[in-house]
Amino acid sequence: DAKTTQPPSMDCAEGRAANLPCNHSTISGNEYVYWYRQIHSQGPQYIIHGLKNNETNEMASLIITEDRKSSTLILPHATLRDTAVYYCIVRVRNQGGKLIFGQGTELSVKP
Amino acid sequence: GAVVSQHPSWVICKSGTSVKIECRSLDFQATTMFWYRQFPKQSLMLMATSNEGSKATYEQGVEKDKFLINHASLTLSTLTVTSAHPEDSSFYICSARDRGVNTEAFFGQGTRLTVV
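Residue numbers (our numbering), protein chains in the order written: chain A, 21 to 131; chain B, 6 to 121.
Bound-form chain B, shown alone (with noise of 0.2 angstroms):
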C-alpha cells in the first residue's frame, strides 16, 4: 500500500510553546489529507479536513487558532500545535487519500506529543 509518513514520531515540549508536525505522502499525491487525535485508550477522534490550497475543515469543538493546519503541496501537510498546553498531550495521527483512482486512506505511524 501507499505510505504516509509523520515526522516527528515524538516530540516533548515546554507549557506555551509551538510544536509543527509533518505529514507527507511518499509515493502518491494526496489533495486530502486528515488529522486525528488519540488519547490512551480511546478511539481516533477526526480534528480536521485538510485540503491541498485552500483552508482546513475543522470538526465541531476543535479550536481552528490552536491547531493550524497548512496543505501547501500535494503531498505535504503540516499541523502546528500553538501555546501548547499540558492537556493537549496526544498521539496525533494522519491519514492521506491518493487523489488516483485507488481512494483507501493511508495512515502516517502517528506523533506522541507530551507537554511538561
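Bound conformation, chain A alone (with noise of 0.2 angstroms):
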C-alpha cells in the first residue's frame, strides 16, 4: 500500500471549515483513499472513503486532485466534537486488507 504524509497537527477554529491536507504521490491506479479519526482513547472512526471522484457524507467532503497524488479532507463547520487525530490512508479495496497507519494529523478545534 502507498505511503501517506500529513502534517503533524493543525488548529482550527470552533464554526469554521477544517482542511486536512494529504499527500500520496505513489499512489497506484486501484487504490483508494480512506480517512479516519481517533478521538482520544477511543478506536477511530471510518469518515470516507474515495477513488477519483471528490466525495461528500454528512460528515465531510473529500477532494482528490486530477492527478490523485494528493487529497484534502474537509469539515465544513468544525465543532470541540472534531478534536481527534486524522488518518489518511491508501489501500486497494475489496481485498480484505488490514489499514496501515501513519502518524496522523492531530486536529485542535478552538473555541
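Any given hint could be a false lead.
[Said to hold, decoys possible] Using 27 angstroms as the maximum straight-line C-alpha spacing, the simulated DSSO-like pairs for lysine-lysine come out as follows:
1) A/K23 with B/K25
2) A/K118 with B/K46
3) A/K130 with B/K46
4) B/K25 with A/K89
5) B/K19 with A/K118
[To be verified] Just the calculated beta-carbon pair ranges, DEER-fashion:
6) A/T46 with B/T62: 20 to 26 angstroms
7) A/D87 with B/Q34: 22 to 28 angstroms
8) B/G21 with A/H97: 47 to 53 angstroms
9) B/E109 with A/H97: 45 to 51 angstroms
10) B/E109 with A/T99: 20 to 26 angstroms
11) B/P45 with A/S45: 27 to 33 angstroms
12) B/S88 with A/I83: 27 to 33 angstroms
13) B/N75 with A/E86: 26 to 32 angstroms
14) B/E109 with A/R36: 24 to 30 angstroms
15) B/T36 with A/G49: 22 to 28 angstroms
16) B/L31 with A/K130: 32 to 38 angstroms
17) A/Q62 with B/N75: 20 to 26 angstroms
18) B/K25 with A/A33: 41 to 47 angstroms
19) A/P27 with B/T22: 39 to 45 angstroms
[Stated by the list, open to error] Listing some non-contacts, in silico: residues in chain A with all C-beta distances to chain B over 12 angstroms:
20) G35
21) Y56
22) R88
23) K89
24) P96
Hints listed in this document are in silico derivations from the structure and should not be mistaken for laboratory results.
The beta carbon of each residue, even a glycine, is placed where N, CA and C say it ideally should be.
Two chains, two separate frames, one set of hints: put the complex together.
Okay, structure coming up:
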C-alpha cells in the first residue's frame, strides 16, 4: 500500500472549515484514499473514502486532485468534538486488506 | 455504521498472568478481524490479522506465542496476552470487516491494559 504524508498538527477555529491535507504521491491506480479519525482513548472512526471523484457525506467532504497524488479532507463547520487525530490511508479496496496507519494529523478545534 | 464491541474496556493485571480481550461484531458477520496496539502518543500498529476458522497471520516482530488469537466464529475474535509484563501495557484495538458488500473496517472502542 502507498505511503501517505500528513502535517503532524493543525488548529482550527470552532465553526470554521477545517481542511486537512494528505500527500500520497506513489498511489497506484487501484488504490482508494480512506480517512479515519481517532478521538482520544477511543477506537478509530471511519469518515469517508474515494477513488478519484470528490466525495461528500454527512461528516465531511473529500477532494482528490486530478493526478490523485494528494487529497484534502474538509470538515465544513468544525466543532470542539471534531478535535481528534485524523488518518489518511491509501489501500486497495475489496481485498479484505489491513489498514496501515501513519502518524496522522492532530486537529485541535479551538473556541 | 456497523458496531464492533470490545470487552473489557480496561483491565489491570499482575505480571506473569494472562489476559483475554474479546472483540465482537454485533450486527454483521466478519470473516476477518484485525488487532492493533497503540502506545501513548503513537499511531496504531497492526499486530495480526485474524481469519475465522484458520490461524492468524502475525506482523513481523509480533510474538505469536505471546499474543494468542482465536477467531472461532464469524462474530467473535479473542486476543490473549500470555505471561503479561509491564511493557505489554498498551491500548489494544480490534477492527472487523463485514464480509458482505460493505468493506469498510469498523473499530472497537479499545481495551486499556495495565500490567503491574
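Verification of the supplied hints:
A C-alpha spacing of about 33 angstroms is found between A/K23 and B/K25, which places the hinted pair above 27 angstroms, so the restraint is violated. About 22 angstroms separates the Cα atoms of A/K118 and B/K46, which keeps this hinted pair within 27 angstroms; it holds. Distance restraint check for A/K130 and B/K46: the Cα-Cα separation of roughly 20 angstroms lies within the 27 angstroms cut-off, and the hinted pair is therefore satisfied. Using a Cα cut-off of 27 angstroms, the hinted pair B/K25 and A/K89 is violated, with the two alpha carbons roughly 42 angstroms apart.
Taken as a hint, the B/K19 and A/K118 pair is broken in the structure, with Cα atoms around 32 angstroms apart against an allowance of 27 angstroms. Under the hint 20 to 26 angstroms, the C-beta atoms of A/T46 and B/T62, about 24 angstroms apart, fit the expected range. A beta carbon spacing of about 38 angstroms between A/D87 and B/Q34 contradicts the range 22 to 28 angstroms that was offered as a hint. Checked against the given bound of 47 to 53 angstroms, the beta carbons of B/G21 and A/H97, roughly 51 angstroms apart, stay inside it.
Against the hinted window of 45 to 51 angstroms, the Cβ-Cβ separation of B/E109 and A/H97 comes to about 24 angstroms, which falls outside the hint. For B/E109 paired with A/T99, a C-beta distance near 23 angstroms keeps the hint of 20 to 26 angstroms intact. One distance hint, 27 to 33 angstroms for the beta-carbon pair B/P45 and A/S45, holds here, with the actual separation near 30 angstroms. Range check, B/S88 to A/I83: Cβ separation about 49 angstroms, and the 27 to 33 angstroms hint is violated.
Roughly 46 angstroms separates the CB atoms of B/N75 and A/E86, a value that falls outside the hinted 26 to 32 angstroms. At about 28 angstroms, the CB distance of B/E109 to A/R36 agrees with the hint of 24 to 30 angstroms. Between B/T36 and A/G49 the Cβ separation comes to about 27 angstroms, which falls inside the hinted range of 22 to 28 angstroms. Distance hint for B/L31 and A/K130: a CB-CB separation of about 35 angstroms, consistent with the stated range 32 to 38 angstroms.
Separation of A/Q62 from B/N75 is about 25 angstroms and conforms to the stated range, judged on CB atoms against 20 to 26 angstroms. Remark: the range hint 41 to 47 angstroms for B/K25 to A/A33 is upheld by a beta-carbon distance near 45 angstroms. Range check, A/P27 to B/T22: Cβ separation about 42 angstroms, and the 39 to 45 angstroms hint holds. For A/G35, the condition that its CB be more than 12 angstroms from all CB atoms of chain B holds, with the nearest at approximately 26 angstroms.
Not every beta carbon of chain B lies more than 12 angstroms from that of A/Y56, the smallest distance being close to 8 angstroms; the non-interface claim is violated. With 12 angstroms as the threshold on Cβ separation, the claim that A/R88 sits away from chain B holds: the shortest Cβ distance comes to roughly 20 angstroms. Every C-beta of chain B lies more than 12 angstroms from that of A/K89, the closest at about 22 angstroms, which supports listing it as non-interface. With 12 angstroms as the threshold on Cβ separation, the claim that A/P96 sits away from chain B holds: the shortest Cβ distance comes to roughly 20 angstroms.
This entry does not satisfy hints 1, 4, 5, 7, 9, 12, 13 and 21, going by the numbered hints stated previously.
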